[in-house]
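Asks: Just need the whole structure built from these sequences, with the hints factored in.
Protein sequence lines correspond, in order, to chains A and B. Everything in the first sequence is counted per this note's numbering, starting at 1 for the first residue and increasing by one. Everything in the second sequence is counted per this note's numbering, starting at 1 for the first residue and increasing by one.
No wet-lab data here; the hints were simulated from the structure. Any given hint might turn out to be false.
A pair holds if it fits inside one copy or across any two, identical chains being indistinguishable in the list.
[Stated by the list, open to error] Result set (EDC-like, lysine to aspartate or glutamate): computed pairs, CA atoms no more than 20 Å apart in a straight line:
{"id": "1", "residue 1": "186", "residue 2": "418"}
{"id": "2", "residue 1": "267", "residue 2": "457"}
{"id": "3", "residue 1": "274", "residue 2": "37"}
{"id": "4", "residue 1": "186", "residue 2": "412"}
{"id": "5", "residue 1": "74", "residue 2": "456"}
Number of protein chains: 2
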Amino acid sequence: MAQATSLPRNETGIATAIGSLKQQFGDRLTTGQAIREQHGHTTTWIENQPPDAVVFPQSTEEVSDIVRICAAHKVPVIPFGVGTSLEGHVNAPAGGISVDMGQMNEILAVDAGDLTCTVQPGVTREKLNTFLRDQGLFFPIDPGANATLGGMTATRASGTNAVRYGTMKDNVISLQVVMADGEIIKTARRAKKSSAGYDLTRLMVGSEGTLGLMTEITLRLQGIPEAMSAARCSFETVDDACQAVMATIQYGIPVARIELLDALAVKAANAYSKLDLPETVLLLLEFHGSESGVAEQAELFGQIAQDFGSTGFEWTSSTEERNRLWQARHDLYWATLQLRPGSKALATDVCVPISRLADCAREAVAKAEELGLMSPLVGHVGDGNMHMAPLVDMDNPDEVARTEQYVSWLAELAISMDGTCTGEHGIGQGKRPYLTRELGATMRYMAAIKAALDPDDILNPGKILPD
Amino acid sequence: MAQATSLPRNETGIATAIGSLKQQFGDRLTTGQAIREQHGHTTTWIENQPPDAVVFPQSTEEVSDIVRICAAHKVPVIPFGVGTSLEGHVNAPAGGISVDMGQMNEILAVDAGDLTCTVQPGVTREKLNTFLRDQGLFFPIDPGANATLGGMTATRASGTNAVRYGTMKDNVISLQVVMADGEIIKTARRAKKSSAGYDLTRLMVGSEGTLGLMTEITLRLQGIPEAMSAARCSFETVDDACQAVMATIQYGIPVARIELLDALAVKAANAYSKLDLPETVLLLLEFHGSESGVAEQAELFGQIAQDFGSTGFEWTSSTEERNRLWQARHDLYWATLQLRPGSKALATDVCVPISRLADCAREAVAKAEELGLMSPLVGHVGDGNMHMAPLVDMDNPDEVARTEQYVSWLAELAISMDGTCTGEHGIGQGKRPYLTRELGATMRYMAAIKAALDPDDILNPGKILPD
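Replies: Here it is, written out as structure tokens:
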């Protein structure tokens, strides 16, 4: 596909760098094909472009050594978490060295009194939350997949809890970063607020490995709420559900999660997760707060939902039932693939101002039908973020072409509504054409920053910026 | 003072640029001394370095024209809001053109359904909130002074409400910016979330006019809470009060404001604002939420405060009484100056992880006493942000020297606690030495970004970065 064009390779440099790295890392550097292919693999339809070698550092100093060696020979360096990205972020279009952070997976500090922790980039979100639970703390950002915190930081991830707790940009306090010249820096101190110069923390969050390799991440934590409850209700149309979401947000109810599934997505969830939800448009919610606060929120929401014709409003504070529903939501990617075995899903990721959400969803569903695409709709609708995920038969060139047409059309639609082509997945390889459409002349200054911080373009080349 | 060293002036370029600007702007360009001096003036002890001319644009295109003319002649451009900054941000150490945004003061759009608005940079926070009130909305960031939103964005301001609503970094959605070459860009679309490339919005927020001139600011708004109540209580020691704050934050009570005043600050407030608060350490709080939520929060806080020996806990939902207390808090800068008529106040601005707040406050008060400085303490303590504000007789060189020693010592103390020399005021001219102490090698990459985006260093030179 077009998205996976190759870039010129520096064969001599790559061979020399691999030789040097082999000397230092021994068995922790591999050039075996299976491992290389796995490190070009993401949850996507974009073709695999494996790196030339994969190295497994165990410390910040080792990451710095790797970058210095690669910088000396102008060889690409591609950081790797667990490969849950959706836009080909870990592909190696110019070859080079994949830096697998899997062995840098220590939780370095939990400062419960400050509601902060510091982790290495290979720690996964589930590992962190399991570790924190006994202290009554949690890290709220939840993209669904059990991604690493390094990967989540690199893509500015968010997910189901963002409507209340924000995205990675709101929850990273400071970073330790290995820069393109191998220098190790801290972007900020551990204070909650700072006006200390340029916000390099936020510049690194979402930079997808193209400006530096994060080696320590200091995160903001939350106390586990006194009470949590889940609710669900059904609507006849996507439009009605979106109107209810808009009213809920505008009313100021501090929902922790508010997710939409269309009838097709519900059908997939029922089949995959053995549920018996009504197979029509569904909103799934979660409320966090005190016992009385949670009840108040659920009641208010119930009234709003009813105003928009919802049926079957149910809420529960049972942990087991709550977890079952959210597990089904998390498994939706896999569930929808089962709607059409053998297909690939192309997860789009537009995000629009919430007042345009109903329009966006309605038009997106109609266009998919018009193009004859089977496409479930799920969305973090409280933020105006929705995923149409066409299920594509990759052996059918006409269908692939219609899907590409759809993805491009949808990005344009969101942009025409003052929205973005990506609310949380990032640009990677797949969304580069749309980013330029979205931001125009702004791209020149992004390119200037990239050139200033990585003059030889060794850090994850071929991502975010146009070639 | 050392902070206000001059930089080399480009006399020919300045004269030529003023000539060109005069042609285009006529009476909206002035070189009169009084206006120039006013535009170098900030609320600070740093000496005045007036620009060579002040120009008053009325549109983004005019700002672009100004920057293009100045860029062509390599002449400094210094954006100006209303001059409430505390660190000499609007001084012109190399001369140049002050761009007064006062005539760009339109509220361009309020999208109530999206909880966003777009304003020109010269709109003040009070003007915006007055405009929003009828729609049941407000913009929460409140640095005390009636600053412009352009200035607040440029310094990454925060203030009393930040403990609940975050700082400017959390509340700016996108920016229109005139870059150093005169190009007009948008940093992002109006969607609430985005993973669309480098976060230029956050890079611009807090860049103090050194990377671009903001000409439109899209902000996140909040619904006015159903209920608000204020509370106050007194403590024997700063330490007890800080311990109560730490416990409140750790407990997760969503206080909207939690401010500390030491006995000296309370004395100043009583005298200036005609109050009769007990003249000992005071915490002032505000709670936002539903009627029952607000009562619940106040009760929980009251219990915690009592555990740390507080006395005189009172809470009120009377709007009048609430406003009287917060007006007194906002007037504190002027009130403390009256403690020692003729003195200047040097507002320090350290911010530390909250677990270190009590230590920081205790040591800071003791050191001020040791150095014989009269220094009230106020703080946005819920964020670990505190201001010691020594009142200095500028005609007493020994006292000035002791104050400089104190300010430097306090920055080091905060840094040693993994905190920052500035929680919200920014770096400007005054804090440049401490920023380098705080971030070390990181400064090199800030300088690289500055050089990439403003290669001739025309945008507010002599600020943030070392010479």
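Asks: Now, for every hint given, state plainly whether the structure supports it.
Replies: Hints and how they fare:
{"no.": "1", "hint": "186 - 418", "result": "between (34 Å within a copy, 11 Å between copies)"}
{"no.": "2", "hint": "267 - 457", "result": "neither (45 Å within a copy, 59 Å between copies)"}
{"no.": "3", "hint": "274 - 37", "result": "neither (34 Å within a copy, 74 Å between copies)"}
{"no.": "4", "hint": "186 - 412", "result": "between (38 Å within a copy, 17 Å between copies)"}
{"no.": "5", "hint": "74 - 456", "result": "within (7 Å within a copy, 29 Å between copies)"}
Violated hints for the displayed structure, listed by number in ascending order: 2, 3.
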